[in-house]
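Input sequences plus hints: build the corresponding full structure.
Residues per chain are reported as follows:
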Amino acid sequence: MVAPSGQQAEAENRTLVEVRIAASAAQISAVRVVAADLAARQDFDLDAVSDLRMAVDEVCATLVSLATNGTMLSCQFLVGVNSIEVLAKVTVPRPIQVPQNTFGWRVLSTLTDEVHAISHDRDEDAGGRPSVAIRLGLRRERTHG
Amino acid sequence: MTSQDTGYEHLTPLFKEFASLPEDDPRRQQLRDELVTGHLPVALHIARRFIHRGEPQEDLEQVATVGLINAVDRFEPDRGTDFLSYAVPTITGEVRRHFRDQAWSMRVPRRLKDLHVSIGAAVSELSQRLGRAPRPTEIAAHLQCAVEEVLEGLEAATAYRSASLDEVLADGDTSGHTTADALGEADSALDQVEYRESVRPLLASLPERERTILLLRFFGNLTQTQIAQEVGISQMHVSRLLAQTLATLREQMTSD
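Sequences listed follow chains D and U, in order. So the first sequence is residues 228 to 372, counted in the numbering used here. So the second sequence is residues 4 to 259, counted in the numbering used here.
Honestly, the hints are just simulated from the structure, not real lab data. Hints are supplied without guarantee of correctness; some may be wrong.
As the list claims (entries may be wrong) - Computed, partial: chain D to chain U, Cβ under 10 Å:
#1 Val260
#2 Asp264
#3 Asp272
#4 Leu273
#5 Arg280
#6 Asp284
#7 Glu285
#8 Pro326
#9 Thr329
#10 Trp332
#11 Arg333
#12 Val334
#13 Thr337
#14 Leu338
#15 Asp340
#16 Arg369
Quantities reported herein were computed from a predicted structural model and do not represent experimental measurements. Glycine included, each C-beta is placed from N, C-alpha and C at the ideal position.
Dropping the structure here:
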């Protein structure tokens, strides 16, 4: 899987929506609202809508806690007919891995069909600074509980 | 109403025994369950009187049951009044408090409030029928309205705040034995994982119902709709409680 881009989104008939907020806990609700709205408009069932909203909340809270002060959090939604993919990213003061032995990570893996953390020591898109990102995916048809 | 012809007089002696036992007597829990279960029709009857005021029936029944539990716990049989004269105002008060506390956190047009109510009813009916949470298009078809309206109504639902209800319900455990089974499994799943934070004490400090819902979702792998059925509240309420509980836990984890 590659990072969502406008072109690719078009090729697969998916829509790209990007939200950028100051990397601060107070701004997260904006991303949460967008997530829920996108899922509801893709006709996800209400459990999935709520799961995506909570997952995005968790992702943003995790990233905000790692982000360099005064920077932005970018959250891209790649919306397809059968799935929604989310890629959220922040720049960080020094290279770091997103810890995965946390309760928060357990929450993320339960709420989504797919979740990965991605760390860059030198991120070209972030002006060569280190960054961390979390990517998650939710399918419209879900098989599990 | 007198204590002679209520149909509950067989329970009266239990109150005397309940009141006479020390706090830690295991028989107390058994008596308490019996008294609550025995008087449940009273609570449900009171809940039904409030049905057309825009709250989901299952939430009303929950609140009324909490009122009943409080009444059982606080009733003093030596005072000379009968239980029903004490319980009916206590339960009614609890339900009224629920309505008072259930404030819309922002100004929402009347039309949307009504829609919120119809959506709530549609969700619970469709969940029953489908065995899963419905989709917006399914709700729209059921209500014979436009999907756009349903989306609008769902959005309004997030403006609806139910925090005080959660406090009210915090000490009332109405979970049945199937929930206990599912909870046992979830608990052992929790035991198998080790986290870098010490999660256990935080989970233990949660109100019982919030803890139950959280464990069932994240360690018992139940969907919100399944949990709603287990615990006897609406899916929307489960959704709100889960989100709130996660936020609380996050706060506590970072403050440590």
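Interface hint check: proline 326 of chain D, Cβ to nearest Cβ on chain U, cutoff 10 Å. Holds or violated? Since chain U brings a Cβ to about 6 Å from proline 326 of chain D, closer than 10 Å, the hint holds.
Hint status (Cβ of glutamate 285 of chain D to nearest Cβ of chain U, threshold 10 Å): 7 Å, holds
Interface restraint verdict for tryptophan 332 of chain D against chain U (beta-carbon cut-off 10 Å): 9 Å, holds
Under 10 Å, Cβ to Cβ, is where valine 260 of chain D needs to be relative to chain U, so tell me if that hint holds or is violated. Since chain U brings a Cβ to about 8 Å from valine 260 of chain D, closer than 10 Å, the hint holds.
Quick check on aspartate 340 of chain D please, does its C-beta sit within 10 Å of some C-beta on chain U? At 13 Å from the nearest chain U Cβ, aspartate 340 of chain D fails the 10 Å test, so the hint is violated.
Under the criterion of a CB-CB separation shorter than 10 Å, is arginine 369 of chain D in contact with chain U as hinted? With a closest approach of 8 Å, the arginine 369 of chain D hint holds.
Hint status (Cβ of valine 334 of chain D to nearest Cβ of chain U, threshold 10 Å): 6 Å, holds
At a threshold of 10 Å, is the proposed contact between arginine 333 of chain D and chain U supported by beta-carbon distances? This interface hint holds because 6 Å falls under the 10 Å limit.
Min Cβ distance, leucine 338 of chain D to chain U: is it shorter than 10 Å? Hint holds; leucine 338 of chain D Cβ to chain U Cβ min 8 Å, cut 10 Å.
Chain U contact restraint for aspartate 284 of chain D - C-beta distance below 10 Å: 7 Å, holds
Taking the closest Cβ pair, is aspartate 264 of chain D under 10 Å from chain U? 7 Å, holds
Does the closest beta carbon of chain U sit nearer than 10 Å to the beta carbon of threonine 329 of chain D? 6 Å, holds
The structure fails to meet hint 15 from the earlier list, while all remaining hints are met.
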